[in-house]
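Asker: For the record, the sequence lines run as chains R and D. Residues in the first sequence are numbered from 3 upward in steps of one, following the numbering used here. Residues in the second sequence are numbered from 27 upward in steps of one, following the numbering used here.
Think of the hints as simulated: they come from the structure by calculation, not from any bench. A quick note: this is a predicted structure, and the numbers were derived from the prediction, not measured. The C-beta atom is built at its ideal place from N, Cα and C for all residues, glycine as well. Among the hints, erroneous ones may be present.
No more than 30 Å apart at the CA atoms, straight line, and that leaves these computed lysine-lysine pairs for DSBU-like [unchecked claim]: (1) R/Lys576 - D/Lys144; (2) R/Lys330 - D/Lys115; (3) D/Lys144 - R/Lys342; (4) R/Lys264 - R/Lys239.
Short derived list, chain D residues pointing at chain R, Cβ under 10 Å [what the hints assert, rightly or not]: (5) Tyr86; (6) Ala133; (7) Glu134; (8) Val158.
A few chain R positions that, by computed beta-carbon distances, are all more than 12 Å from chain D [said to hold, decoys possible]: (9) Val65; (10) Glu187; (11) Glu274; (12) Glu311; (13) Gly571; (14) Ser588.
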Amino acid sequence: MQRGDFMSGKVLMTGNQAIARGFYEAGGLVAASYPGSPTVEILETIKHEYKQIYSEFSVNEKVALEVAMGASFAGARALASMKHVGVNIASDPLMTFTQTRTAGGFVLVSGDDPGMASSQNEQDNRLLGKFANMAVLDPSDSQEAKDFTKLALELSEAYGMPVMLRITSRLCHSRSAVELSERVEKPAEGFLPDKSNFNMIPPNTFKKQHEMRARIESLSKAAMELGINFLEDGSGKEALIITSGLAYNNLLELGLDIPVLKLGLVYPLPVEKIRQLSKAYKRLIVIEEMTPFIENELKINGIACEGKEHFSFTGELGSEEIEAGLYKAGLVDEERFSGKSIEDKSVAPRLPLFCAGCPHRPVFDILKKSGRKVIGDIGCYSLAGIFPIEVLDTTISMGSSLGTIKGMAKALKLSGKSEPLVAVIGDSTFFHSGMTGMVNLLHQMDPEDNMTVIILNNGTTAMTGGQHTASSGSYAGEDDMHVDIEGLLRAMGFENVIAVDQFKYKEAKDAIDNEIKRPGLSIVITTRPCALRFKIKEPYFRVDPNICIACRSCIRTNCPPLRMKKYEGIEKLKSSINPDMCVGCSVCAQVCPVSAIKRISEGVE
Amino acid sequence: MRCFNIMLAGVGGQGLVLTTSIICGAAFAAGYDVKSNDVIGLSQRGGKVWGSVKIAEKVYSPNIPAGEADVLVALEPLEADRWKGCLRKDGIIIVNTGEMPPAHVAAEKMEYPPDIIKRLSESFKLYAIDAVAEGKRLGSPKVANTFLIGILARYLELPREAWQEAISANVPAGFLDMNIKAFDIGYDLLSQE
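Just need the whole structure built from these sequences, with the hints factored in.
Answerer: Below, the structure written as structure tokens:
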């Protein structure tokens, strides 16, 4: 965040930082989240910059939403932020909370990911917002991200409903100028009991259906007066473009002379205003990423328009795609960007890798050698499903590995096709939504079902940048949760639980191989922390090319510093280690069958 | 100043986000409108990462369409090769020559092209610097990207103080002097031509 001298009072902020700032300025009191790209920076910013606000990374999104909901019940302004799929986890409380008349303003920030830069699916959460009878705001730059956060809280209080701020991944990380204001304190009124409003059981829920409908209808009527849905006139009455979010700015970049209706509020739409407006134009063209949400809303209301016949239903809509769609629609005469590509797809791909010193590396090397089928889960270790490790056979959603392995084992048994199965799950994912699946394994446990569950306890939510988990306290003194996973599992009633140090490669391999062979359920907890958050700084390793037999055992661990190389005077390629990248974890040296890899301190030339 | 488009590309973990932030900060401190992009997330470790900075009196989209970038700042040669399509015909490439082979190369499924710098310099004006080695000479490989920023600064009509302000706002205090030195070396590199 930096201050511009000439653009006085303005600073550069990412969309995420701007949302955090908006919540701060609006007098927000409680914010909760579970880390997930692209929205992780919202809560991190609140945590580091705005200490007046109580903030937490909760154990999962459902709990985060509930924490924020409790604050709203108490009359405080509250925020819950999460990635799009996080809203699925939080949907259960959300779908009922939304029936209540909110006390303190409540904003749910959903980070959607058109193009799936960092997500397992591309769901369009505007649909979830409508499903939950919530208003949905869609900012187009950082200034709007901040303004709409404040507006969301105001609308939430004025209409008595939770409001969704839908932002896309590109905007979360995009910087642009933001004008700052001071914080206006908004102390909580206190919890004012209203049993028919907060106890959502029948018959209390009956009238709530009508209240939800009424508040959406009344906001739809007021929507054009909010100042965030506006018409930018252009010449001609041939067509009116309706758009929102980043697509609006990508459209302006083309410098076209076509009138544009820019929407800040995408649900509910100002339907009657659009109906009147549409009479002045021959065609209405909707430009929106992902589903035809606005398009369908218009069509349901009997307003003819075009949209997805010109624009893709998946991925982002940059200026190039918008130009191509408008060309197809006959609204522009030439395509400036046609046939050009910013990325040369013929260049060797560069897929993400486990870091040098990553404690997952030896585990997946061992599993690859085992040849067993492995049920994956969500975290850095999901990378073990892609080239070059390719060990994971399934990756679906947070915590899903434990239910999946059980169902698969039961089905295979009934079909006479039983085989040893392995599941892997990280500690953050285990606490997030793996514990329930774990308890469920106790039910109708068959000692013949051969399942090995490996809990990759690295003490961190690693992929999102190293946030704490419920077991971080075991590795980092400053963390206040020290849940002992082994003790927890034993308390649940599991007996075959072992802990292994995966940097003692041979011991770890023997232990994991034994558990895979043994019938029944085994649980293996790996004990090494994340190499990114808890850096390893040991003397680095070197390969002695005269001992190396070029077997590539080390190369197959896929550690970034390792590469086959031509040495002077040696005909065959031999392994090598880039000393700038090696952190000294020793895994490559341990998998080497001829001890050709030694620490630099051991005097190898 | 007309609209100036800068594309950045590198490998996750190389500091692309910080580099983008410094460039944005300098242009903003000099009074321009700025928008930027960082594509991060799943690609944060060892994967390809890219970003963009657009500088003008008024910027709408943070994205740079194909063929519209003035400069490509590449923290790694293969990434320069991957993103060259962003450049205008008279575009400039500023590249760190330190190679980081991707997994397909390490696994010997693909070759790392031996002639990237030479090939690219036939189509574009190109400045190559072994920034990590230069950084080590100054005291830390962590200042590598600042040499590239110094070279870039020659092409942007921004006061030197704006760059200094942006660097000091973004780097840890203990590394400030080393970064300013790296910037100066990059900045002066072109005047020696």
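Asker: Taken at face value, is the distance from the CA of R/Lys342 to the CA of D/Lys144 at most 30 Å?
Answerer: 23 Å, holds
Asker: Just double-check R/Glu274 for me: nearest Cβ-Cβ distance to chain D has to come out over 12 Å.
Answerer: 30 Å, holds
Asker: Hey, is R/Glu187 genuinely clear of chain D, shortest beta carbon separation above 12 Å?
Answerer: Per Cβ check, R/Glu187 is outside 12 Å of chain D; nearest 29 Å; holds.
Asker: Would the least Cβ to Cβ distance between R/Glu311 and chain D come out above 12 Å?
Answerer: Nearest chain D Cβ is 23 Å from R/Glu311, so the label holds.
Asker: Verify this label for me: R/Val65 is non-interface relative to chain D, using a Cβ-Cβ cutoff of 12 Å.
Answerer: 23 Å, holds
Asker: With chain R as the partner, please determine if D/Glu134 meets the hint condition of a C-beta pair closer than 10 Å.
Answerer: Holds, because the Cβ-Cβ distance from D/Glu134 to chain R comes to roughly 6 Å (cut-off 10 Å).
Asker: Could you check if D/Tyr86 really has its C-beta closer than 10 Å to a C-beta on chain R?
Answerer: 4 Å, holds
Asker: Does the closest beta carbon of chain R sit nearer than 10 Å to the beta carbon of D/Val158?
Answerer: 7 Å, holds
Asker: Tell me if the straight-line CA distance from R/Lys576 to D/Lys144 falls inside 30 Å.
Answerer: Roughly 27 Å between the alpha carbons, so the hint for R/Lys576 and D/Lys144 holds.
Asker: Taking 30 Å as the top limit, are the C-alpha atoms of R/Lys330 and D/Lys115 close enough?
Answerer: Status holds; Cα separation ~27 Å.
Asker: Determine whether the non-interface label on R/Gly571 survives the test: each CB of chain D must be over 12 Å from its CB.
Answerer: Correct as stated: the minimum Cβ-Cβ distance to chain D is 21 Å, above 12 Å.
Asker: Looking at R/Ser588 again, its CB stays over 12 Å from all of chain D?
Answerer: Fine: 19 Å to the nearest Cβ keeps R/Ser588 off the interface.
Comparing the model with each earlier hint shows no violations; every hint is respected.
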